[in-house]
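So the chains spell out like this:
Protein chains: 2
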Amino acid sequence: MSDPGDRLAEEAARLDAEDRLAAKRTEFVLDDTVYLDGNSLGALPAAVQGRLAEVVAREWGELRIRSWTESGWWTAPERIGDLIAPLVGAERGQLVVGDSTSVNVFKAVVAAVRLAREEDAERNELLVDEGTFPTDGYVAESAARLTGVRVRPLPAHRIAAAAGPRTAAALVNHADYRTGELHDLAVTTAAVRAAGGRTVWDLCHTVGVLPVRLDADGVDFAVGCTYKFLNGGPGAPAFLYVRRALQPRFDSPLPGWNSHAEPFAMAPEYVPAQGPARGRVGTPEILSLLALEAALGVWEGVDVEEVRAKSLALTDFFLRCLAVHVPPARADVVTPLPHGRRAGQVSLGWRPAESAERVLQLLGERGVLADFRPPGVLRFGFAPLYTSFCDTERAARVLGEVAGGSVE
Amino acid sequence: MSDPGDRLAEEAARLDAEDRLAAKRTEFVLDDTVYLDGNSLGALPAAVQGRLAEVVAREWGELRIRSWTESGWWTAPERIGDLIAPLVGAERGQLVVGDSTSVNVFKAVVAAVRLAREEDAERNELLVDEGTFPTDGYVAESAARLTGVRVRPLPAHRIAAAAGPRTAAALVNHADYRTGELHDLAVTTAAVRAAGGRTVWDLCHTVGVLPVRLDADGVDFAVGCTYKFLNGGPGAPAFLYVRRALQPRFDSPLPGWNSHAEPFAMAPEYVPAQGPARGRVGTPEILSLLALEAALGVWEGVDVEEVRAKSLALTDFFLRCLAVHVPPARADVVTPLPHGRRAGQVSLGWRPAESAERVLQLLGERGVLADFRPPGVLRFGFAPLYTSFCDTERAARVLGEVAGGSVE
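First to last, the protein sequences are chains A and B.
Residue numbers for the first sequence follow numbering that gives the first Met the number 0, so the first one is 0 and each next one is one higher.
Residue numbers for the second sequence follow numbering that gives the first Met the number 0, so the first one is 0 and each next one is one higher.
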């Protein structure tokens with residue numbers, strides 16, 4: 000076995016044999032494809048099917064309305080928030096699950112701007128990282144328009160330096176969805192805070208792949224998605240974190256009856272609930288929520304530091320495999336190489352950019368699922384709980400075959 | 000059989016035998032209880048369980064990300080909106096399903112106020128029916144605060160007369176959730192429109208029990224719930240109607256990436272989609288959406304006029320049964336008696352009010368499920384697709400037994 004490709008295949012098998020998270024694969028429904036799109040829609044945890052069948056047949060079908068209390072439906076948003084809390088470095092009682100990420104960005108940004116302007120009405124800037132996932136940018140514009148501030152787009156790494164006396168809040172993605180670049184949460188949060196502004200972090204692309212330290216780093220608000228690395232299912236509800244010290248002053252623009260201090264008093268005046276329930280709005284989507292709760296069972300006993308170590312090992316290994324299999328003229332690695340600046344994916348700027356979608360299709364035909372973001376970026380997401388080193392090696396090898404073929 | 004109670008039981012059996020909707024009962028999972036809480040959480044349509052199992056196992060588990068296109072996930076919000084359209088008198092292409100009712104009230108009210116103020120900036124009043132379901136009132140206050148208008152609460156029947164040159168918009172519940180009173184949609188809409196304002200109707204308690212004529216009556220915006228009489232499941236996503244002529248001017252305060260004209264272009268500038276998709280926000284909750292879609296299958300071939308006729312027959316019959324079984328000193332009927340002012344429930348003001356919750360509990364122990372709204376109101380919801388006249392007779396009889404007992 001002197002061929003470098005063969006040696007990588009051998010190494011992959013050895014790395015899998017040594018992988019302490021390898022057993023987690025059995026908790027997912029997988030097949031013989033290499034699924035590297037868990038950063039878009041996580042694979043199905045095996046526990047979901049049975050649990051959802053029980054929810055429908057027993058809790059909805061038989062107990063019906065009684066399930067709001069007897070099956071714990073009413074408390075699901077905070078209970079599931081507490082399951083996610085350790086993954087984002089938060090003590091219990093600060094997360095609530097419900098609504099989409101976009102809607103939660105709206106709640107958090109409006110509330111952050113209100114807090115800052117309540118303290119100093121001259122603060123009129125909302126800093127937004129310019130590479131943001133689009134929805135955050137659109138929602139930020141809407142929140143700015145409704146609260147009387149203006150959006151100032153900046154590269155994420157410049158937000159710390161740009162924060163100043165005009166800064167009301169900063170909305171930053173913890174990782175760039177396109178490149179997989181990891182942004183410095185601790186430094187940016189500290190700088191915005193020191194300038195007197197508030198931070199809102201979007202954790203969609205980091206929760207479930209690396210340790211996040213919301214409490215320790217003094218983050219004010221955070222939102223995140225549960226259908227990517229948390230495997231909650233298509234369109235699973237998002238989470239909202241509001242730092243405990245700010246909860247009493249959290250002034251949500253979406254005060255629904257579920258966030259009332261006494262929802263069943265049906266009072267005409269709004270009195271907000273204390274604690275994370277203040278982030279609720281309307282009746283929570285129970286089927287999606289309870290599917291997510293079942294999906295989160297795979298995190299039991301998992302150490303996020305170990306997940307991060309495997310994630311970096313996978314992406315490092317993928318980069319080595321790419322170097323062997325894929326001609327450098329075909330692909331630029333756009334994901335930063337230093338570990339401290341890399342999240343859980345590897346993105347390639349394909350050449351020519353126009354053929355990236357076709358490459359993606361050919362990969363799919365050969366059993367390797369990845370995705371594409373314009374212009375010409377191929378994304379390979381590595382979900383440490385179910386992606387193996389053999390998957391990783393195979394993906395690079397197949398990409399090399401495709402690149403060496405007739406694709407232009 | 001000369002006892003009036005016996006005669007009613009006999010009549011119930013005859014009415015069920017003549018009921019042209021009776022066969023629909025077999026499409027639901029029912030048991031030997033009388034379920035009169037379908038106005039809070041509709042019973043489980045039998046088709047849901049199998050469909051949801053397929054969605055999880057096949058569409059999520061096997062096809063995964065490909066299901067966004069191959070399983071039609073992406074188009075579900077408008078496709079399901081079109082299934083609801085005939086139930087609210089709307090032509091296709093004007094409804095979108097997603098988010099909670101509260102969130103949709105927010106979109107609609109902000110958009111309605113913006114439209115009105117764009118035409119005349121002096122319009123600074125948001126009329127809200129004072130008996131509104133709480134969430135609508137809370138969200139209206141938030142929308143008013145963010146758009147610079149003030150909420151003016153009024154009895155629903157006075158909104159038509161109160162609409163004037165200051166009216167930006169009116170948010171009205173089609174039926175009062177507490178009393179079951181039906182409000183005059185046609186007259187109120189016409190009056191607000193004549194005054195130059197915009198209307199937002201909340202159809203939560205009428206969709207699925209009576210014909211609604213959004214297009215014919217010139218309604219601007221409407222929202223509604225799908226987990227009550229549409230049986231979509233706990234927390235099933237709500238719908239938003241935007242009249243076709245207004246769609247190009249619908250200026251949503253929640254512009255997420257799902258409502259972008261080209262969502263997958265991932266463009267930094269927001270360009271809203273045309274048509275009902277403009278009412279979307281973030282990634283839709285697919286499991287809840289597809290459960291709802293399966294649940295809506297029970298409406299196939301159902302004539303809403305026939306549903307309304309049965310609904311009125313059920314509540315009329317219930318009132319007659321109450322007159323025989325329940326001492327008038329114990330309960331005031333707070334639901335209007337004229338058909339034109341009655342929606343799909345019968346509400347009783349219990350005496351003494353403090354014992355209403357206990358009565359509800361005793362009913363439950365005897366197999367009759369209803370619900371309670373403070374202060375002292377017992378609600379009996381009649382879902383015409385699965386409630387029988389025998390159910391109705393039994394509910395009144397059991398209530399009479401409970402009322403004649405020692406409950407104080």
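Quick caveat, the hints were computed from the structure, so don't treat them as lab data.
It cannot be assumed that every hint is accurate.
All copies of an identical chain are treated as equivalent in the list; a pair is satisfied when it fits inside any one copy or across any two copies.
[What the hints assert, rightly or not] Straight line, CA to CA, 25 Å or less: simulated SDA-like cross-link-like pairs of lysine to any residue:
1) Lys23 / Ala56
2) Lys23 / Leu245
3) Lys23 / Ala215
4) Lys23 / Leu359
5) Lys23 / Arg350
6) Lys23 / Glu69
7) Lys23 / Gln246
8) Lys23 / Arg157
9) Lys23 / Ala52
10) Lys23 / His338
11) Lys23 / Asp119
12) Lys23 / Gln48
13) Lys23 / Pro337
14) Lys23 / Arg57
15) Lys23 / Leu368
16) Lys23 / Pro164
17) Lys23 / Arg65
18) Lys23 / Ala312
Subject >> In rising order, the numbers of the hints this structure does not comply with >> reply: 2, 3, 4, 5, 6, 7, 8, 11, 13 and 16
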